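Visitor: Sequence order for the protein chains is A and B. Add 800 to a position in the first sequence, counting from 1, and you land on the number used in this note's numbering. Add 1058 to a position in the second sequence, counting from 1, and you land on the number used in this note's numbering.
Since the hints were derived computationally from the structure, they do not count as laboratory data.
What follows is a list of derived Cβ distance ranges for each label pair:
id : chain 1 : residue 1 : chain 2 : residue 2 : range
1  : A       : 807       : B       : 1160      : 45 to 53 angstroms
2  : A       : 1049      : B       : 1064      : 27 to 35 angstroms
3  : A       : 1047      : B       : 1146      : 44 to 52 angstroms
Derived DSS-like pairs: lysine-lysine, alpha-carbon spacing no greater than 30 angstroms straight-line:
id : chain 1 : residue 1 : chain 2 : residue 2
4  : A       : 903       : A       : 923
5  : B       : 1100      : A       : 903
6  : A       : 1064      : B       : 1165
7  : A       : 929       : A       : 847
8  : A       : 923       : A       : 847
9  : A       : 847       : A       : 807
Predicted model only: the values in this text are computed from it and were never measured. The beta carbon of each residue, even a glycine, is placed where N, CA and C say it ideally should be.
Each chain, written out:
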Amino acid sequence: MSTISIKNLRKTYGPYVAVDDLTFEIPDACVFGLLGPNGAGKTTTFKCMLGLARATSGSVLYDGAPLVPETLERIAYVPERSVLYEWMTVGEHIEMQRRAYRKFSVARARELLAQFGIDLRKKARALSKGMRTATMVALAIARESDILILDEPTSGLDPINQRHVLNLIINESARGATVIFSSHQIGQVERAAERIAVIDRGRLALEGNVDDLKADRKIVEGILPSETFALNGLAGDPHILRLDRNGRIVRAVTSSDAGEVLAKFEALGASGLRIVDLNLEDIFLYAVSPADATADVVEGH
Amino acid sequence: MPVVLTVDPRSGVPIYLQVIEQVKRSVALGVLAAGEQLPTVKQLALDLTINPNTVAKAYRELERDGVIETAAGRGSFVRGNGSIETTKTAATDVARDAIDAAVREAKSIGLLADDIRTLASAAIDRWFREDA
Chain A
801 MSTISIKNLR KTYGPYVAVD DLTFEIPDAC VFGLLGPNGA GKTTTFKCML
851 GLARATSGSV LYDGAPLVPE TLERIAYVPE RSVLYEWMTV GEHIEMQRRA
901 YRKFSVARAR ELLAQFGIDL RKKARALSKG MRTATMVALA IARESDILIL
951 DEPTSGLDPI NQRHVLNLII NESARGATVI FSSHQIGQVE RAAERIAVID
1001 RGRLALEGNV DDLKADRKIV EGILPSETFA LNGLAGDPHI LRLDRNGRIV
1051 RAVTSSDAGE VLAKFEALGA SGLRIVDLNL EDIFLYAVSP ADATADVVEG
1101 H
Chain B
1059 MPVVLTVDPR SGVPIYLQVI EQVKRSVALG VLAAGEQLPT VKQLALDLTI
1109 NPNTVAKAYR ELERDGVIET AAGRGSFVRG NGSIETTKTA ATDVARDAID
1159 AAVREAKSIG LLADDIRTLA SAAIDRWFRE DA
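Using the sequences and the accompanying hints, generate a full structural model.
Guide: Take a look at the structure:
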């Protein structure tokens, strides 16, 4: 079991609030994607989870217990920036990991590195950015740990190796490991992750199961009889996250029950009704862009 | 296991629904025969590069819908008993969704029920001409 609970996590650096009242849970054996714009607080969240940064307040619990040295032994972490020793060869890194971690599998590390086409005799400084990432991912996976925390595990990799890393993540999850990873490439998170959290300016903007979010979040679009037509009763609708109107066209982003919203539009006299699916990128963008003042658009011009 | 499934993770349609739809379609088309084994959850997840729990969810729903059955430790199979029924159910599910979408679209651009009925019966006549 490796359930991770982040509760009211807050981390400040002087006056700067990096993470603000973050609460979410990563279920056991889940692939969890952490999304957010640059500087949103993803890396700080990882550091707090790993004890590399001390939370200002709040907590990170592993199966209900705070982080202890034994827990760290069960976590493999790939940071965003290379932590390889520049003067050491890849083979020497394998040896160092073997000495450091009881469960580290040299055979698995060699196999994974071969899959990435990485020469064990190469010094870290001779590796490209992508190959450094791949080396760190391979060394982390060879630890056969219960929890993998991967900060941008595909950065710098070509599409083939990116896909390979995703399949490694899927494989780790299939054997029961809990994987949490961040990526700027939403398409990758969309594939591999079962659940996501979107962090924006240190705060949780959205959290949930990817397929459930796609099932619930839709755009309901309709054409109003006139540009000044009032949309009575839509402002307080609990299914509508945001409402935009542009001339006679009205669009609602729903949080659930798009069909009900569509029926409401129809009852108001809107025509040309349709429900538009949103992919994770759309859902992400709606989560991090400030919602237009709903009240302004419902009353007409 | 000649299961050819393709999913589009970038679509707004939940991935597990895409897997369900494609398995049903494969059963309806006879690409997946009664008694045939489906890939394991892990294998399909790796083949499609999608989350294993998402595949598991699709398999659970396919089992609930009577399309497949899972034998502990042996894997998932297309249901054998009443396979004609299974095929027909699967085909009906796929067709219903397609017709639903078409009617919704026709209605949304202002067609009346009678207009849509006329169009539908013309389409049926066109596609079933040889059978008549």
